[in-house]
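Visitor: Given next are the chains, with one letter for each unit.
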Amino acid sequence: MYISHLSLADFRSYPRVEVALDPGVTALIGPNGQGKTNLVEAVGYLATLGSHRVSGDGPLVRHGAERAVLRGAVVAGDRSRLLELEINPGRANRARINRSAQVRPRDLLGILRTVLFAPEDLALVKGDPAERRRFLDELVVARSPRMAGVRGDYERVLKQRNALLKSAVWARRARGGRVDLSTLDVWDQHLARAGGELLAARWDLVATLQPLVGKAYEQLAPGGGPATLEYRGTAGEPAPAGAPGSGRERFESALLAALGEARGQELERGVTLVGPHRDDLLLGIGDLPAKGYASHGESWSLALALRLASYDLLRAESPDPPGLPPAQEGEGRRAGEPVLVLDDVFAELDVARRQRLAELVAPGEQVLVTAAVPEDVPEVLVGARFSVHGGVVERVS
Amino acid sequence: MYEGVVQDLIDELGRLPGVGPKSAQRIAFHILQADPTDVRRLAHALTEVKAKVRFCVVCGNVAQDERCRVCQDPRRDPAVICVVEESKDVVAIERTREFRGRYHVLGGAISPIEGVGPDDLRIRELLGRLADGSVTELILATDPNLEGEATATYLARMVKPMGLKVTRLASGLPVGGDLEYADEVTLGRAFEGRRLLDV
Ligand SMILES: Nc1ncnc2c1ncn2[C@@H]1O[C@H](COP(=O)(O)OP(=O)(O)OP(=O)(O)O)[C@@H](O)[C@H]1O
Ligand SMILES: [Mg+2]
Ligand SMILES: [Zn+2]
Chain S
1 MYISHLSLAD
11 FRSYPRVEVA
21 LDPGVTALIG
31 PNGQGKTNLV
41 EAVGYLATLG
51 SHRVSGDGPL
61 VRHGAERAVL
71 RGAVVAGDRS
81 RLLELEINPG
91 RANRARINRS
101 AQVRPRDLLG
111 ILRTVLFAPE
121 DLALVKGDPA
131 ERRRFLDELV
141 VARSPRMAGV
151 RGDYERVLKQ
161 RNALLKSAVW
171 ARRARGGRVD
181 LSTLDVWDQH
191 LARAGGELLA
201 ARWDLVATLQ
211 PLVGKAYEQL
221 APGGGPATLE
231 YRGTAGEPAP
241 AGAPGSGRER
251 FESALLAALG
261 EARGQELERG
271 VTLVGPHRDD
281 LLLGIGDLPA
291 KGYASHGESW
301 SLALALRLAS
311 YDLLRAESPD
321 PPGLPPAQEG
331 EGRRAGEPVL
341 VLDDVFAELD
351 VARRQRLAEL
361 VAPGEQVLVT
371 AAVPEDVPEV
381 LVGARFSVHG
391 GVVERVS
Chain C
1 MYEGVVQDLI
11 DELGRLPGVG
21 PKSAQRIAFH
31 ILQADPTDVR
41 RLAHALTEVK
51 AKVRFCVVCG
61 NVAQDERCRV
71 CQDPRRDPAV
81 ICVVEESKDV
91 VAIERTREFR
101 GRYHVLGGAI
111 SPIEGVGPDD
121 LRIRELLGRL
131 ADGSVTELIL
141 ATDPNLEGEA
151 TATYLARMVK
161 PMGLKVTRLA
171 SGLPVGGDLE
181 YADEVTLGRA
191 FEGRRLLDV
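Read top to bottom, the protein sequences are chains S and C. Using the UniProt record's numbering, count along the first sequence one by one with no gaps and you end on 397. Using the UniProt record's numbering, count along the second sequence one by one with no gaps and you end on 199.
Some hints could be false.
Below, simulated DSS-like cross-link-like pairs (lysine-lysine); rule was C-alpha separation at most 30 Å, straight line [unchecked claim]:
id, chain 1, residue 1, chain 2, residue 2
1, C, Lys52, S, Lys159
2, C, Lys50, S, Lys159
3, S, Lys166, C, Lys165
4, C, Lys50, S, Lys166
5, S, Lys126, C, Lys22
6, C, Lys160, C, Lys52
Between beta-carbon pairs, the in silico distance windows are [unchecked claim]:
id, chain 1, residue 1, chain 2, residue 2, range
7, C, Ile31, S, Gly33, 39 to 49 Å
8, S, Gly77, C, Glu192, 50 to 60 Å
9, S, Arg94, C, Thr136, 39 to 49 Å
10, C, Ser23, S, Arg94, 13 to 23 Å
11, S, Lys166, C, Phe29, 27 to 37 Å
12, C, Gly18, S, Asp185, 24 to 34 Å
In case anyone wonders, no lab produced these hints; they're calculated from the structure. Heads up, the beta-carbon is just placed ideally off N, CA and C, and yes, glycines get one too.
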């Protein structure tokens with residue numbers, strides 16, 4: 001798939017901007033602080049409903065404006081759809097598809113698929129577990145947009161359950177105060193249901209991703225690996241395949257059991273101590289954990305390998321929309337193939353890895369690259385060039 | 001903190017559902033700047049509603065008398081009780097003309113975030129109505145969102161030992177929403193297709 005048109009109003013530094021895009025490589029070039037990342041951030045937001053730079057929506061709206069509007073025309077096979085999203089910080093965002101009546105923003109998920117590489121990716125390796133959980137969940141949702149709802153449910157139940165646990169702690173501190181815990185079992189049941197489904201999806205993702213990450217790391221840093229992934233769950237290991245019940249059901253009962261075991265401690269601390277929100281993805285290179293051991297260059301290669309593997313996975317699983325002959329394994333491209341976005345990554349790499357990464361992404365159906373100077377765009381990435389300067393985005397070649 | 005009466009007003013507004021401290025402050029200052037006749041009209045509406053409208057002693061629905069219209073109607077089947085969160089849900093269900101039993105209005109849903117637990121809802125009154133065994137079916141029509149689902153699960157667990165039929169409205173209602181926003185046809189269909197709730 002590719003984006004044929006991007007239009008922003010009051011998004012970040014842009015009062016208004018319209019950009020027509022072609023399939024293939026497009027490089028956005030301009031000095032620091034001119035709005036290159038802002039453009040690709042908008043593309044990522046249309047795909048994931050989130051920014052790769054900030055967690056809240058506030059900074060995305062142009063300073064002094066009330067709301068931002070993003071529009072993107074997405075072409076997949078012979079089908080074109082216009083996505084529209086209005087960002088209203090502090091209130092509900094609004095969305096439309098093909099100028100239809102309003103839909104839930106969540107309904108946009110899955111129409112535009114992207115894999116975004118950015119300097120922030122280093123945090124996948126060096127940062128907190130929350131970064132890696134976000135990486136996993138974003139991919140879980142990209143594979144199955146329905147999971148956005150499951151994840152939303154999980155977070156909402158978690159908040160309710162934590163509020164109940166906290167009130168128990170306060171009641172105890174206020175000596176003699178008692179709190180009704182009869183509803184805790186109910187929240188446990190609902191937490192385990194949504195959590196079990198999320199866990200099943202995460203474990204399945206990690207198993208599928210593992211060989212792809214290994215392969216990508218080997219391509220970027222030959223002989224330096226192997227790169228490994230291991231899911232660290234607070235609710236224990238999954239029951240062996242072949243055990244009774246679906247994957248979701250098995251994780252649901254494992255989580256329920258873990259909640260039961262942790263309950264005493266949870267009532268002391270006033271927070272939920274087990275569940276997907278406490279899990280981590282352990283990354284390793286060779287026999288050592290990456291975090292705390294890997295060199296800067298190795299960490300970078302691993303972060304890139306995670307993104308390349310995501311791309312491989314989404315491309316392999318992309319549906320062929322009607323009107324297109326089904327793609328053959330290993331040849332041609334599928335219409336659901338994600339858009340590749342590389343924000344300022346080449347400047348961070350040495351010559352060898354820069355070249356390998358460029359060769360790996362070059363065949364993508366659409367590749368958007370940002371760089372401060374033209375020399376930072378590897379030569380194999382031939383295509384359109386835009387200059388981004390002072391809020392003006394202009395095609396120069 | 002503001003001076004005396006202004007802070008009192010902010011505190012009172014802040015106790016309303018869905019009004020946080022920021023909004024309470026905003027509403028208070030709006031009232032301070034509003035036309036005196038507008039404010040008198042608001043105050044009048046508040047005291048009038050309290051003086052004239054009451055809640056049905058049986059089901060908790062809004063009523064003009066001691067009992068609401070449904071509870072007074074001898075043609076309504078007393079063996080089936082439909083549990084809803086708010087009186088406005090009774091209005092929505094009545095519009096479908098699908099339901100011929102009685103209601104029980106809880107007055108909200110369980111939500112620890114908002115400090116609402118089972119004791120804050122009319123659950124004890126519900127158990128009282130079920131005690132003599134004349135009710136054979138309990139339909140849980142709380143909102144199709146997390147808090148509504150949790151409340152339904154809680155109630156189903158509470159009444160399980162009583163051995164009556166407990167059902168939940170069929171899915172198909174807009175998930176995450178309020179019952180009152182469902183259109184008549186959808187809500188009517190959800191009633192017909194209600195399923196046994198197993199906890
Ligand atoms: N909400 C906002 N309102 C107005 N301006 C903003 C807003 N958010 C960011 N900016 C401005 O946008 C500019 C940053 O744009 P962007 O991150 O796209 O730069 P860039 O071209 O990618 O630069 P670099 O090469 O340094 O990565 C900054 O000057 C910043 O002040
Ligand atoms: Mg940038
Ligand atoms: Zn009544």
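Visitor: For every hint, state whether the structure bears it out.
Guide: To see whether the hints hold, each was checked on the structure:
no.: 1; hint: C/Lys52 with S/Lys159; in the structure: violated, 39 Å
no.: 2; hint: C/Lys50 with S/Lys159; in the structure: violated, 34 Å
no.: 3; hint: S/Lys166 with C/Lys165; in the structure: violated, 35 Å
no.: 4; hint: C/Lys50 with S/Lys166; in the structure: violated, 35 Å
no.: 5; hint: S/Lys126 with C/Lys22; in the structure: violated, 38 Å
no.: 6; hint: C/Lys160 with C/Lys52; in the structure: violated, 38 Å
no.: 7; hint: C/Ile31 with S/Gly33: 39 to 49 Å; in the structure: holds, 45 Å
no.: 8; hint: S/Gly77 with C/Glu192: 50 to 60 Å; in the structure: violated, 41 Å
no.: 9; hint: S/Arg94 with C/Thr136: 39 to 49 Å; in the structure: holds, 46 Å
no.: 10; hint: C/Ser23 with S/Arg94: 13 to 23 Å; in the structure: holds, 21 Å
no.: 11; hint: S/Lys166 with C/Phe29: 27 to 37 Å; in the structure: holds, 31 Å
no.: 12; hint: C/Gly18 with S/Asp185: 24 to 34 Å; in the structure: holds, 28 Å
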